[in-house]
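Chemist: Same order as they appear, the protein sequences are chains A and B.
Be aware that the first sequence starts at 95, since it is given in our numbering, and climbs by one per residue.
Be aware that the second sequence starts at 139, since it is given in our numbering, and climbs by one per residue.
Since the hints were made in silico from the structure, they are not lab data.
Just so you know, nobody snuck in bad clues.
Here are the simulated BS3-like pairs of lysine-lysine, each with C-alpha atoms no more than 25 Å apart in a straight line: (1) K266(B) x K350(B); (2) K294(B) x K165(A); (3) K161(A) x K298(B); (4) K161(A) x K294(B); (5) K165(A) x K298(B); (6) K165(A) x K305(B); (7) K294(B) x K354(A).
To spell it out: a stretch of chain B is covered by chain A in this simulated footprint if at least three of its residues, at any positions, have a beta carbon under 8 Å from a beta carbon of chain A; those stretches are: (8) 165-172; (9) 417-425; (10) 480-491.
With the Cβ distance kept under 10 Å, some of the chain B side facing chain A (calculated, not the full set): (11) D209; (12) E300; (13) M310; (14) E434; (15) G494.
Quick reminder that beta carbons are idealized off the backbone N, C-alpha and C, glycines included.
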Amino acid sequence: MNITIRLAWRNLWRHSRRTWLTIGAMVFSNALLVFMISLQFGMYELMIDNTLQAFIGHMQIQAPGYKDDAKMRQVVPDAEQLAATLRQELDLETIAARSAAFALLSSEDRSYGVQIFGVDPRYEPGVSTLPGLVKEGRYPQDRDAQEIVIGSVLARNLKVSLGDELTLLGSGRDGSFSAAVAEVTGIFESGVIEMDRSIAEVPLGFFDDVFYMDGAAHAVVIVTPGLAVIEDYRARAEALLPAEEDLVLHDWDALQPGLKQAIQADISSAFFMYGVLVILVAFSVMNTQLMSVLERTHEFGIVMALGLTPGRLGRLVILETSLMGLAGLFLGALVGGLITLWFTYNGFSYPGMDQMAANFNLPSRFYPQATLLTLFLGPAVVFVGSILSALYPALRLHWLRPVEAMRAV
Amino acid sequence: MHYVQIIFTLAWRNLWRNHRRTIIMLAAISVGAWAMIFMTSLMRGMVNEMLRDGIRALPGHVQVHHPDYRDDPSVGNLVSLTSAEIDATLAGAGIERFTARIRVPAIISSERESRGVTLIGADPLREKSVAAVGSEIVEGRNLDGPDDGGVVLGRKLAEKLETQVGKRIVLMSQDPDNEVADRGYRVVGLFEANLAAHEEAFVFAGRETVQKMLRIDDRVSEVAVAGDDYRVVDALLAEVRVLMGKDDEVLPWTELDEYLGTMLGVMDGFVLVWVVVIFLALSFGLVNTLVMAVFERVREIGLMLALGMRPSSILGQIIVESVLLLVLGLIIGNLLAFASIIPLKDGIDISIVAEGMEMFGASSILYPEIEKSDVILANIVVLVLGFIASLSPAWQASRYEPVEAITKV
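Construct all of the structure, not just a fragment, from the sequences and the given hints.
Modeler: See the structure below:
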C-alpha cells in the first residue's frame with residue numbers, strides 16, 4: 095500500500111472515537127438522503143404515470159385555445175380519421191379521438207351536472223385506465239350505441255343501476271339545445287371520489303349525434319410507449335398534422351402544468367432541507383479535521399523541518415478526509431439502501447398520507463425502490479461537501495512556520 | 139452561589155480556549171437553528187394560508203347538513219329547519235357569524251358555453267360574516283340582499299363562459315320532484331379568489347330567488363358557522379349541535395374537508411421531524427467537540443480532581459460548557475431566522491409553480507409565518523436533546539482516576 099495512504103489511514107485511527115463520530119454524522123445524513131430521495135423520485139414517477147395514464151395521455155392534438163378554454167366549438171375536424179392515420183403512420187395503437195361536454199344528467203329522482211366524454215370504444219382502453227375500472231356491467235363496444243358509463247358515486251347519487259335510463263341535457267357544438275336518452279351499461283370505480291362523482295363516458299358516435307359534432311372531436315389522445323420517447327413521437331406526429339387545419343400538439347407538461355410544477359415545488363423545498371443537512375455534516379468534518387491538524391502542529395513542524403512541503407501535508411489531510419468520506423459514503427448508502435429495501439417490501443405510509451396521495455393519484459401506501467442514482471446522489475454530494483470543508487484546515491498548513499510549530503505543545 | 143459562578147466562569151473560559159473549534163460549532167448550531175425556524179415558517183405560512191383558503195371555501199368552522207347531503211349534495215337533502223328558523227335560533231343564541239345557504243350542483247349556460255358549477259343561494263351579508271369565498275367583488279357589485287335577482291360569478295368562470303357583468307346567463311338544476319328547474323339571471327358582479335378552482339366552481343345568487351327557482355319554500359342545504367379560531371372548534375361544535383337539534387348532521391371543518399384536517403396534523407408532525415433530524419445531524423458534531431475538549435484537558439481535570447474538586451463539579455462544568463455553546467448558537471440562529479424572514483413578510487411570489495401549488499390546494503404567494511409554538515419547540519428540542527447528548531462525555535470526564543489522568547501524556 096502506498097505510504098501516504100497508510101499514513102492517512104493510521105492517522106484516522108489515532109482518535110477512533112472522533113473518527114467514528116464524524117463518519118456517524120455522514121452515515122446518518124447519507125442514509126436519510128438515500129431513503130428520502132428514493133421515496134421522492136419513486137413517487138414522482140408514479141404520480142406522473144398514474145395521472146397521465148388515468149386520462150390525459152402523453153400528448154393531445156387539439157384546436158388552438160381548447161386547452162385553456164375547453165369550449166365546445168374548438169374542435170379537431172375529422173378526428174377519428176386523423177386518429178386512424180396517426181395509428182397507422184406511427185405504428186402505435188394507443189391513439190384515440192375524444193370529445194367532452196358539460197351536461198345535466200337526470201334519472202327519475204335526481205339530476206347532476208357532469209362532464210360527459212365521447213370516447214372511441216375500440217381505442218379508449220389504450221389511452222386511459224378508466225375503462226379498466228368498470229366494476230359493474232361493461233364498457234361500450236359499439237361506437238354508435240346509446241349507452242353510458244358513469245362513476246360509482248354518481249350512480250349512487252342518481253339512484254340508478256345497470257339497465258336504467260338517463261337523460262342528457264346540454265348544449266351542442268353550435269350552442270343549440272341537445273338532449274338524448276342513454277342506458278347505463280357500466281359503472282366504474284376509480285377510488286378518487288371527485289372522478290367517480292363527476293365523470294360519464296358515452297360512445298363517440300352517439301356523442302357526435304347528440305352534440306352535433308359533425309365528425310369532429312375535441313382531442314386526439316396519444317399515449318407513447320414511455321415518457322422518455324415522447325419527444326421522438328411528438329416530432330413524428332407533428333409532421334402528420336394536416337397542413338390545412340389549424341391544430342396544435344400539446345405534451346403532458348402543457349396539458350397538466352400543475353403536475354410538473356408540483357414536483358418542482360416539492361423538489362426545491364426538499365433540496366433546501368438536504369442542503370442544510372449537507373452543510374451540517376460539512377461543519378462536523380471541518381471541525382474534526384481542524385482539530386486533527388491543530389493537535390499535530392508539533393509533529394507537522396518536525397516533518398516540515400525535515401523537508402516535507404506544506405502541499406504534501408495538505409494532501410495528506412485531504413486524503414484522510416477522503417478515506418473518512420468514502421467510509422461514510424458506502425456505509426451510508428448501505429444503511430440507506432437497507433432501510434429503503436425494508437420499505438420496498440413493507441410499504442411506506444404516514445398518518446394523513448392517504449388524503450394527500452389522493453390529490454396526486456397516488457396509492458395510500460407506497461413502495462420505494464432504490465436505484466443507483468438514488469443510492470449515490472445524496473452521499474456523493476455529502477462526500478464533495480466534506481472534501482471542500484477540509485480545504486480550510488489543509489490550506490492553513492501553508493502558514494505553518496516549522497520552528498514555531500516544533501515548539502508548540 | 140459562588141460555587142455556581144466558578145463553574146460558569148470555568149466553562150465560559152474553556153469554551154474560548156480553542157476559539158476556532160467553538161466558532162465552527164457555533165456556526166453549525168446557528169445554521170441548524172436558522173434552518174429549523176426558517177423552513178418551518180415557510181411551510182407553516184403555506185399550510186396556514188391553505189387552511190384559510192379551504193375554510194373560506196367551505197365556508198366556516200362548523201357546518202350543518204341533512205345526514206345524506208354530503209354524499210348526495212342534491213336538493214332532496216335539505217336541513218330540517220327553515221332559514222327563518224335557523225336565523226332566529228342562531229342569532230338568538232348570540233352567534234353572529236353564520237350563514238344559511240342553498241348549495242346545489244347546477245349547469246350554467248351563457249349564449250356560447252355551458253359549465254357544471256355549484257350554485258350557492260345565500261344572503262350576501264351573512265356570507266360576508268363568515269368570510270366566505272365570493273365576498274370579494276372585483277367588478278360590478280355584490281348581491282344586495284337575499285331577494286336579489288342577479289348572480290355573482292368568479293372571474294375565471296366568466297372568462298370561460300365568455301360573459302361579463304350586465305349579460306344574462308341561465309342556471310339549470312332540479313327541484314325536489316326532479317323536474318328541471320331553470321331561470322335566467324343577470325350577471326351583476328365578478329369575484330376573485332386565491333385558488334382558480336374556487337373561481338370556477340362557485341356561482342352566487344340571492345337565497346330567496348334560488349329557493350323560488352328550486353321550489354323549496356324557505357329551506358336551505360347547509361348552515362355554516364364561523365368561530366374565532368379554526369384550531370379551537372369543539373365548544374362551537376357542541377353549541378351548534380344543541381341548537382340545531384338531532385335531525386341534522388353537525389360537523390367541524392376537520393371532518394368536512396378531511397384533506398385540510400389532516401394537513402394540520404401533518405404539518406405539526408413535519409415540524410417535529412424536521413427539528414429532530416436537524417438536531418441529530420448536529421449532535422454528532424456536538425458530542426465530538428465535547429469529547430475533544432475533555433480529551434485535551436485530561437491532565438488538567440486529573441489535577442482538579444486531585445486538588446479536591448468533586449467529580450460532580452467536573453460533570454457540571456462540561457455540561458455547562460455544552461449548554462452555553464447551544465444557547466449561544468440558538469440565539470444567533472433565532473436572530474438569523476427572524477432577520478431573514480422579515481424581508482419576506484410581503485410574500486414570496488412562487489407563481490411560476492402556481493398550478494402545481496394549486497394541486498396541493500395552496501396559493502401562489504407564500505407568506506412565511508413564525509409561530510411562537512414552533513420556535514419554542516425548536517429551541518427546547520435542541521436544548522433538551524443537547525443536554526442529554528453531552529451527558530456521556532461529561533460523565534466520562536468526571537470518572538477519571540486523578541493519578542492516571544495527571545500522568546497521561
